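When you get a sec, could you build the whole thing from the sequences and use the hints?
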Amino acid sequence: MPPMETTAAPVKIAGMRVETAGARELPAQREVLFDVKDLRVTYAGVPALDGVSLEIYRNYITAFIGPSGCGKSTFIRCFNRLNDMIPSASVEGSVLYHGEDLYGKDVDPVEVRKLIGMVFQKPNPFPKSIYDNIAFGPRVLGMKDGLDERVEQALHQAALWDEVKDRLKESALSLSGGQQQRLCIARCLAVEPEVILMDEPASALDPISTTRIEDLMHELKRNYTIVIVTHNMQQAARVADKTAFFSVDVAPDGNRRTGILVEYDDTSKIFTTPADKRTEDYVTGRFG
Amino acid sequence: MSAGSLRLRGRSRADHARGALFQGLLLFSLAIGFVTLGVLLFDVLQRGLPYLDLALLTNAPSTDPQIAGARPAILATVYMMVILLVTVLPIGVATAIYLEEYANKERWYNRLLDLNIQNLAAVPSIVYGILGLAFLVRGLGLGRVLLAGALILTLLVLPIVIVSSREAIRAVPDSIRQGGYALGATQWQVIWRQVLPSAIPGIATGSILALARAIGETAPLILVGALTYVSFNPTIMGPFTALPIQIYQYISRPQEEFKLIAAAAIIVLLAILLTMNAFAIWLRNRYQKRW
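Note that the protein sequences, when read in sequence, are chains A and B.
Letter by letter, the first sequence follows residues 1 to 288 in the numbering used here.
Letter by letter, the second sequence follows residues 289 to 579 in the numbering used here.
Simulated from the structure, these hints should not be mistaken for laboratory data.
None of the values given here were measured: they were computed from a predicted structure.
Accuracy of the hints is not assured; some may be wrong.
Straight-line C-alpha distance at most 35 Å; calculated DSBU-like pairs for lysine-lysine [as the list claims (entries may be wrong)]: (1) Lys122(A) with Lys144(A); (2) Lys277(A) with Lys105(A); (3) Lys128(A) with Lys144(A); (4) Lys393(B) with Lys128(A); (5) Lys128(A) with Lys169(A); (6) Lys122(A) with Lys165(A); (7) Lys122(A) with Lys37(A); (8) Lys122(A) with Lys169(A); (9) Lys105(A) with Lys122(A); (10) Lys37(A) with Lys393(B); (11) Lys393(B) with Lys105(A); (12) Lys393(B) with Lys122(A).
Below is the structure:
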């Protein structure tokens with residue numbers, strides 16, 4: 001194994017000791033996968049997020065934390081151009097992916113979403129069988145060869161195979177919430193993306209299911225780059241290598257609330273020695 | 289809280305009386321509709337059942353009540369329903385998909401379309417008849433044929449199909465669409481493979497109810513020239529009558545026996561209607577999605 005970057009010691013969040021992810025393995029070389037430059041998102045002209053610049057590294061887990069309304073969900077949807085679905089939303093600035101701007105003129109958002117998968121806050125299995133849920137992506141993308149193997153492999157990767165192998169033809173809606181979410185992860189993996197975006201993937205789940213999802217993220221990190229939005233600071237501390245703290249900037253007249261990036265650093269740094277007072281207030285529970 | 293301040297019996301008798309009175313009023317309102325329907329059904333069944341036989345279904349109308357039937361009218365009604373289904377479903381569902389999935393509601397022309405479809409649903413059927421006469425029978429030169437009648441019924445129930453299909457499409461949660469997009473599916477793939485299959489029960493239910501509405505229509509068919517006395521089997525491009533018109537024709541004859549034949553024909557019409565409604569309800573219950 002190549003030498004590893006190690007950073008972390010356990011940190012305390014609101015008095016609880018939490019093992020941070022930095023103690024775990026990271027790639028020997030840090031490769032920039034996304035380079036976000038001066039990003040600004042507006043809804044019907046009103047900015048929701050402004051002036052965000054950061055780099056996301058390959059095979060890292062990067063967490064976005066911050067209070068409600070800070071634009072972190074808006075931000076993560078910029079990476080797979082899901083904001084395109086909202087007619088009033090407009091994105092300025094650039095999101096470079098392997099050096100190419102995702103918002104470039106001739107970029108097809110459908111192609112972007114093939115490479116950059118997403119798991120949502122609430123498990124959203126299609127009202128079809130477990131098998132058809134996983135097979136949907138490969139089918140629409142024309143990856144029809146070896147579909148059975150592909151489905152099995154995706155379910156293995158999402159640590160769901162043993163639980164569902166005997167009932168692949170049953171409705172996905174018959175699964176428990178935690179299983180549904182792992183199904184959604186498997187569905188995402190079946191199209192072999194490079195990046196997995198997770199928008200609060202465990203917020204609707206019980207603690208045991210949450211732990212399983214977090215363990216899964218550590219497994220997936222070897223082959224994928226993961227970006228996660230979370231409300232739960234302990235979760236960010238447990239899983240993320242890098243953490244970005246977002247906050248809300250209230251205009252002097254009090255009418256306009258815009259999300260801003262406050263601080264972006266190694267997770268252990270964010271939770272132990274943040275550079276910004278606002279980060280410190282947030283992670284110690286004084287605010288938010 | 290001390291034991292003395294706990295009040296379990298305090299409501300006045302008047303309050304309870306008002307409640308009971310209100311409940312009585314509700315039941316009375318219910319009874320008006322229900323009893324009317326019951327009396328009607330009873331009357332029709334009592335008169336018509338003795339005359340409900342195979343001859344009614346297989347014989348053509350005749351001046352002799354012994355052999356008079358309603359075969360041409362029943363056949364024409366069935367033909368029209370089939371043509372109606374073939375024309376109204378694709379147009380209605382396509383319109384609904386456009387309005388729900390593609391139309392940007394901030395554009396004025398889309399809002400105008402939306403408003404007009406809602407208004408169309410409220411246009412009296414006789415007005416459609418006039419349109420059919422002017423546009424289909426004379427304008428396009430179709431003549432007074434079954435096809436013209438079927439097409440005018442299509443226009444008549446189109447708004448119903450559009451509105452119910454839109455509701456069915458809107459009921460598919462957005463998370464399903466986003467899940468599809470996030471996997472790299474195109475908009476058409478998401479609509480065709482996720483949204484429409486989930487919306488089919490609702491679309492089917494709405495369409496059957498629209499068909500049930502069309503089957504009982506008389507006024508627009510009279511305007512586009514449905515005849516009252518047809519003793520031969522209808523063709524698509526030929527003269528026609530329809531079951532409700534046939535019933536009207538029988539009732540307006542002087543002989544008492546024809547009124548009883550009309551009652552029997554009403555039973556046939558009701559049976560077709562109830563079967564269609566029952567099928568719609570079964571479809572809805574069978575395929576209803578729970579998200």
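(request) Please flag the earlier hints that this structure goes against, numbers listed from lowest up. (result) 2
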